[in-house]
Amino acid sequence: MKKLIILFYFLISTAVVSTEKNLVDINDVLKNLRCLVCQGQSVADSNSDFSQTIKLVVQDQINEGKTEKQIYKFLKEKYGDWIVYNPSFNMINSILWLFPYLVFLVGGALIFLLLKKRDYR
Amino acid sequence: MKIKLVKYIVVIFFLFVISVFFIGLKKDSIYNTQGLVGQKLTEIRIDHFSEKKIINDEDLKKSKFTLINFWASWCGPCREEHSFLIKLNEEKNLRLIGVNFKDKKNNALKFLNELGNPYDDLAKDELGKHSIGFGIYGIPESILINNNLIIIKKFVGPLNENDLNLIKETINSK
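Chains L and R, in that order, give the protein sequences.
Per this note's numbering, residue 18 is the first one in the first sequence, and the count goes up by one each step.
Per this note's numbering, residue 2 is the first one in the second sequence, and the count goes up by one each step.
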């Protein structure tokens, strides 16, 4: 009996986790979309005609069961990478992604060399 | 030796930062849709303006070239470009499809009665949702595609004399 109860709770908890995974929060998506006709506003913040239409389209796509990634992919196909605030990793913007790590490494090396030099003295 | 190395690294770092700023500040920051040229339109479904049918991919493959024009009766610049659309209607290689964008049917008909109807087919997009599939972010906008549904040119804003000549050149040279 105990085993059955444990199994029951296990099944329920996995079901809850899997449904949560499929839920897309429309506000999260809209906050990551740029209003193309506004000055520095996201679609979530804007009441422009363009943003209103994008909100309707995103809602439709969520209702169709599309994931956040699929929605971004669709919009990027239509408006380019510029529509999302979080750019994807590719050859062109690789510097943007790798530069902070590069600075970290070079900075670390510089500090290491300077400290080493001080030790010699 | 090490001091020299550090100096070189610092100089290279500053040169890099300056070049990034130089390229970044010279780049045009105004959004344009030129990146979409060469892309293929897919899954097109727009409601016909007066009939109960849907204009889809197959309808757009009927002519060698198709110009899809997004317009509305409330849009001032659409009036400006209308005479050029009337001229384009005379081109044999080109099919003109008008998409009436977020408009009232009566107002749209009044607009066409007043200025003439240049379109071979007329569609409507009452909520503007279908236009997102074409990468539209304001009207008037026009998209020139070939019969493989590849975007050849995108015109943001009202068509002008130069655009008219460019379209004529494109459809008659290929």
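Careful, some of the hints might be misleading.
To be verified - Simulated crosslink set (DSBU-like; lysine-lysine; CA at most 30 angstroms straight-line): (1) L:K20 <-> L:K48; (2) R:K62 <-> R:K28; (3) R:K5 <-> L:K93; (4) R:K105 <-> L:K95; (5) L:K48 <-> R:K169; (6) R:K65 <-> R:K28; (7) R:K88 <-> R:K5; (8) R:K41 <-> R:K5; (9) L:K95 <-> R:K53; (10) L:K95 <-> R:K5; (11) R:K154 <-> L:K86; (12) R:K8 <-> R:K41.
To be verified - Ranges of calculated distance between the beta carbons of each label pair, as one might list FRET restraints: (13) R:Y9 <-> L:Q56: 19 to 27 angstroms; (14) R:N149 <-> L:K93: 31 to 39 angstroms; (15) R:L150 <-> L:Q87: 32 to 40 angstroms; (16) R:N163 <-> L:I128: 29 to 37 angstroms; (17) R:N163 <-> L:I109: 53 to 61 angstroms; (18) R:N94 <-> L:N110: 22 to 30 angstroms; (19) L:L113 <-> R:K8: 34 to 42 angstroms; (20) L:N110 <-> R:L150: 42 to 50 angstroms; (21) R:E92 <-> L:Q69: 29 to 37 angstroms.
Calculated from the structure, these hints are not laboratory results.
Yeah, the Cβ is synthetic: ideal placement off N, Cα and C, and Gly gets one too.
Now the hints, each set against the structure:
Distance restraint check for L:K20 and L:K48: the Cα-Cα separation of roughly 45 angstroms exceeds the 30 angstroms cut-off, and the hinted pair is therefore not satisfied. The hinted pair formed by R:K62 and R:K28 fails the criterion: a straight-line CA distance of about 37 angstroms is larger than 30 angstroms. A C-alpha spacing of about 46 angstroms is found between R:K5 and L:K93, which places the hinted pair above 30 angstroms, so the restraint is violated. Distance restraint check for R:K105 and L:K95: the Cα-Cα separation of roughly 26 angstroms lies within the 30 angstroms cut-off, and the hinted pair is therefore satisfied.
Annotation: proposed proximity of L:K48 to R:K169 is violated, straight-line Cα distance about 42 angstroms (limit 30 angstroms). Restraint check: the Cα-Cα separation between R:K65 and R:K28 comes to about 36 angstroms, which exceeds 30 angstroms; the hinted pair is violated. Of the supplied pair hints, the one linking R:K88 and R:K5 is violated, its CA atoms being roughly 69 angstroms apart against a limit of 30 angstroms. Restraint check for R:K41 and R:K5: the C-alpha separation of about 54 angstroms exceeds 30 angstroms, so the hint is violated.
A threshold of 30 angstroms between alpha carbons decides the hint, and for L:K95 with R:K53 the separation of about 27 angstroms falls inside it, so the pair holds. Between L:K95 and R:K5 the CA atoms are separated by roughly 50 angstroms; this puts the pair beyond 30 angstroms, and the hint is violated. A distance of roughly 28 angstroms separates the Cα atoms of R:K154 and L:K86; the hinted pair therefore holds under the 30 angstroms criterion. For the hint linking R:K8 to R:K41, the alpha-carbon distance of about 51 angstroms lies beyond 30 angstroms, and the restraint is violated.
Separated by about 41 angstroms at the C-beta atoms, R:Y9 and L:Q56 break the suggested range of 19 to 27 angstroms. For R:N149 and L:K93, the hinted distance range of 31 to 39 angstroms is not satisfied, since their beta carbons lie about 22 angstroms from each other. Remark: the range hint 32 to 40 angstroms for R:L150 to L:Q87 is contradicted by a beta-carbon distance near 21 angstroms. Range check, R:N163 to L:I128: about 58 angstroms between beta-carbon atoms, so the 29 to 37 angstroms window is missed.
Between R:N163 and L:I109 the beta carbon distance is about 30 angstroms. The supplied range of 53 to 61 angstroms is therefore violated. Checked against the hint of 22 to 30 angstroms, the C-beta distance between R:N94 and L:N110 comes to roughly 39 angstroms, which is inconsistent with it. The given range of 34 to 42 angstroms is broken by L:L113 and R:K8, whose C-beta atoms sit roughly 27 angstroms from each other. The beta-carbon spacing between L:N110 and R:L150, approximately 28 angstroms, falls outside the hinted interval of 42 to 50 angstroms.
A beta carbon spacing of about 35 angstroms between R:E92 and L:Q69 agrees with the range 29 to 37 angstroms that was offered as a hint.
Checked against the numbered hints given earlier, this structure breaks hints 1, 2, 3, 5, 6, 7, 8, 10, 12, 13, 14, 15, 16, 17, 18, 19 and 20; the rest are met.
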